[in-house]
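K.L.:
Could you put together the complete structure from these sequences and hints?
Those protein sequence lines, which keep their order, are chains Y and E.
The numbering used here puts the last residue of the first sequence at 523; the count rises by one with no breaks.
The numbering used here puts the last residue of the second sequence at 1317; the count rises by one with no breaks.
Quick caveat, the hints were computed from the structure, so don't treat them as lab data.
C-beta: ideal position from N, C-alpha, C; glycine also.
Watch out, some of these pointers could steer you wrong.
Interface residues of chain E toward chain Y, partial, derived using beta-carbon atoms under 7 Å [to be verified]:
| no. | residue |
| --- | --- |
| 1 | K1003 |
| 2 | A1037 |
| 3 | Q1093 |
| 4 | V1152 |
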Amino acid sequence: MLSTTAGCGSLQSSATEVGGERMTDDRPVRDGGTLTVALNADPDKLDPSLAQTLVGRTVFAGMCEKLYDVDEAGKVVPQLATALPKTSADGRTVTFSVRKGLKFSDGTSLDAAAVVTSLLRHRDLPGSARATELTPLKSAEATGAYAVKLTLKQAYVPLTAVLADRSGMVMSPAALKKYGKNFTNHPSCVGPFKFVERVGGDRIVLAKDPNYYDARDVHLDKVIYKPIPDGSVRLANLRSGDIQVGDQMVPVDVKSALTDNKLQLFNSPSLGYQGIGINVGNVKGLGQAPGHVDSPLANDVRVREAFELSIDRALINKVVFQGMYEPACGPISPESALAPGVKASQCPGRDVAKAKRLLKQAGVKTPVHVELKTSTTPEWSRIGQVIQAMAKDAGFAVTLRPTEYATMLEETDDGHYQAFNSGWSGRLDPDGNIASFLQTKGAMNAYGLSDDKIDALIERGRAEADPAERAKIYGELTRRANDAHALIYLYRQKNYVVAGQDVAGVRVYGDGLIRVKNAGYAK
Amino acid sequence: MAKYVLTRVRQSVITLILVSIVVFAGIRALPGDPALALAGEERSPAALAAIRAEYGLDDNIVIQYGRFIGHALQGDLGTSSRTGLPVADAIGQALPVTLELAALSLLLAIVLGIGAGVVAAVRRGRPAEWIANGLALLGLSVPTFWLGIVLVLAFAIVVPVFAASGFVPFGTDPIDNLRRMVLPAIVLGSGLAAVVMRQTRAAMLDSLSADYVRTARAKGLSRREVVGGHALRNSLVTVVTVLGLQLGHLISGAVVTEQIFVLPGFGKLTIDAVFTRDYATLQGVVLCTSAAYIFINLLVDVAYSVIDPRIRLGGAR
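P.N.:
If you want it as structure tokens, here you go:
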């Protein structure tokens, strides 16, 4: 689905190239050198079982390969496994083999037993962030030196995509035994680079791993990941040459970078979304039974629909993001290879007249007061103001309440809000973008949404092996979710990565990760 | 003298204990559940419960404080809930960065601030004073972030004399270290230099019109002896007070400068810890900063007593 455009020309002041996709630069590279990659935050723990952040996934991409990976087309492909897994007719038994001759960075060998150890740790370690996605895993066993058999509690189609993320990372059992929970400070996996050191808040240093099976295709000596939260500081460092790759650049900085012919741009569509979550039933907090929320938005679906109809997604994209993101109106990216979602061009437009009619039908007193909690980022400050202005035309009085991230999480999870900006970085399998949010018992259903049909469709989607049938289920799920108007999808970010013109071989795929395995300095 | 110092040390220890209680309670009064902040995107009730259990967040605040202070007294400041790195290590890595930045900024402030202040006072009503006053006003008014970005653009991109970011220890490569530290020191030190300049100028003007200066002049002492030996020395009490107070601010307030220049110092560590509700790191950082602040005040008080013995006598009574 995703196209790869290789090339090495500078992308100076070209709006069309910004709008396109460019995931790699295939110029030949020379051996040696250090690449410094600036991340927009300091990664959390470097333990695949405990890690939570997107930036952490980028670091893992350099040192921890997975059973499966995502290619440039957004499809799952084998990485440490030899082939895609085989699933039994009832969907409850999954088997696969792992490649022979692989060595962890600590020099020990990777085999089926190591895979089993890792999978069970991902599932069982207290505090594991992988536990939820591996809940359906009943047991894992090594049926041969390199053969693995997984038994599931029920059919679970998203498993392959799950194994293409951190749950599929295989850790050295020797390192796990030696370091236990302190594995985070001594991570050892199979990967092009191995962990050298971490200075909290400053850098994570990886060095070329001689034990890596494909070491001859690894050109760099070292990769340094450096957290630089401020976009303009990241850009200044790219310009000065102190860093060579800048991750997650925002549109305004990308536009600025395009004026510098020493820089080049990579981009790919993202699998995530950003939108507005509305409290329709969260009165007792996350995980508790939904109840009655007394607000005009919660009381009547027509008021929520009117609110959504007052918003012009394309205008938000144009005004706030210089047209460099995509309007969104569903949880699944249209670029998803597994079950493409609604295209940006098919998103409903703004309809103030209909919005006013709906408010009249609902019999609410206008203006309808809405308090919208927003992140404290400049982007969300502007989005909030644009929404405020647009919603006013339809009869809403929106009050903006900028709220710091940790506080917002607590307040929204507890149900202390009317509306908030709700976003998700995205997962390869549609289930990963839907189940936790829209299912009644979903771990992140802060909206208090409870719809039996949505719950049933989510279960069906997880068990359906036929891709065409699955796509239909997710299409229906998207329609039902949109009809509930509890989560108004607004836009989908794009992954913009700016790099020095002298750097080639960096890959930026739809999962938002920067792959440096083949990167290096151009010959 | 020893008795005076001992009294001040005892007061400092009591202050530190009180500070640790306020810090501990204050951090826990912040809105935002640290378990949620840690779990981030992929939170589930089971994971949240495990995180709370692992970091003792379910315990009574008094028990949590007792555990914290007990470990702290043994030199164990805990483990960062976010990165899993020992807090003491993180502080150990951040401290030299901030101290060097503070020291360079202070040096800059002393040299420029005192120098310009003396010139402005001695050359009162002349162009030298207007220039010094103008520069001080600029130093106080220009926002740190803006100045940082402008300096990076000018001296790291257009004329690449200095580096835009990062830290290299002085012992590893002194030249590279200075290449990376000069711009942040200018950014952080410019405001302080302006404050010092104004204080020095005001104190010097007072001193220069005092009777002892007139007497010194009448005795036929040289201009250098009058200004440097008499007026400046007596003005320094005020200046040292300001410097002492500002040095505390330098250590705790280098946040913006460290963000602009990506320096892994205390400021950056603090900000990261606040946003991720990393209690252990935040407690450790704030406690160390408070200790530094208290220690600096102690040094300032001792320095007073050296400069002006009347203060020592007053404190000892």
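K.L.:
Now tell me, hint by hint, if it's right for this structure.
P.N.:
Hints versus structure:
1. K1003: Violated - the Cβ of K1003 (chain E) stays beyond 7 Å from chain Y, reaching only about 42 Å at its closest.
2. A1037: holds (4 Å)
3. Q1093: Hint on Q1093 (chain E): holds, closest Cβ of chain Y at ~5 Å, below 7 Å.
4. V1152: holds (5 Å)
Checked against the numbered hints above, the structure violates only hint 1.
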